[in-house]
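Each chain is listed here by its residues.
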Amino acid sequence: NAGVTQTPKFQVLKTGQSMTLQCAQDMNHEYMSWYRQDPGMGLRLIHYSVGAGITDQGEVPNGYNVSRSTTEDFPLRLLSAAPSQTSVYFCASSTRQGGAFFGQGTRLTVV
Amino acid sequence: SQKIEQNSEALNIQEGKTATLTCNYTNYSPAYLQWYRQDPGRGPVFLLLIRENEKEKRKERLKVTFDTTLKQSLFHITASQPADSATYLCLSPDSWGKLQFGAGTQVVVTP
Chain A
1 NAGVTQTPKF QVLKTGQSMT LQCAQDMNHE YMSWYRQDPG MGLRLIHYSV GAGITDQGEV
61 PNGYNVSRST TEDFPLRLLS AAPSQTSVYF CASSTRQGGA FFGQGTRLTV V
Chain B
1 SQKIEQNSEA LNIQEGKTAT LTCNYTNYSP AYLQWYRQDP GRGPVFLLLI RENEKEKRKE
61 RLKVTFDTTL KQSLFHITAS QPADSATYLC LSPDSWGKLQ FGAGTQVVVT P
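Here the protein sequences line up with chains A and B, keeping their order. My numbering puts the first residue of the first sequence at 1, with every later residue one more than the last. My numbering puts the first residue of the second sequence at 1, with every later residue one more than the last.
Rather than coming from a laboratory, the hints here were simulated on the basis of the structure. Since this is a predicted model, take the numbers as computed values, not measurements. Each residue gets a CB set at the ideal place from its N, CA and C atoms; glycine is no exception. It cannot be assumed that every hint is accurate.
[Stated by the list, open to error] One side of the interface only, derived from the structure: several residues of chain B facing chain A at Cβ under 8 Å:
| id | residue |
| --- | --- |
| 1 | 49 |
| 2 | 95 |
| 3 | 98 |
| 4 | 101 |
| 5 | 103 |
[To be verified] Away from chain B, derived, C-beta distances all over 12 Å, residues of chain A:
| id | residue |
| --- | --- |
| 6 | 4 |
| 7 | 12 |
| 8 | 22 |
| 9 | 26 |
| 10 | 37 |
| 11 | 40 |
| 12 | 56 |
| 13 | 57 |
| 14 | 70 |
| 15 | 83 |
| 16 | 84 |
| 17 | 85 |
| 18 | 94 |
| 19 | 97 |
| 20 | 103 |
| 21 | 104 |
Let the sequences and hints guide you as you build the complete structure.
Below is the structure:
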């Protein structure tokens, strides 16, 4: 099993550009989420989904969009990148009360 | 507001001793708590889950307790080893089901 696959691993964007971070899982988990982690800080929830077609906002949703058209995929879209969005992004999937599996992370720099 | 908090101060401990980490929650009663390990540059890795009706859970040298009266979970690493050095995170669902991480506690085990 691949588990949770995030792409790309690294990305540099210019201010104002848009992009999509991809996240796919092959474990048939209903729950998927996106977090960002800034240097020396904990993980903050951006958006999450409890199943295909259902998404909701987390702690820091501004500037990000998500959709969940399939159980497997949960892409995160940056609408207009800002330097404040420079961070490491993690995607995770889990069953409703099970431990979460995390992707390898995407290191995003906005210049 | 509903919060989950961990001691942000690093825990320095000598090899062979027991490391004890604390996770406190306020203004809600989570159905469960999870503990994760995160190494630098990597995504968190799930370690243990404890439900509100469980007092204690063990996995090898790890032990987790859940005290709903104190609104606290304790995470113990017994017979600690330098390889246990990492940041340890607790996670719980809030009243709306959003999964929230604590900020994490860094553990440094010295030989």
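Checklist entry - Which of the stated hints cannot be reconciled with the structure, identified by number in ascending sequence? => result 2, 6, 10, 11, 12, 13, 18, 19, 20 and 21
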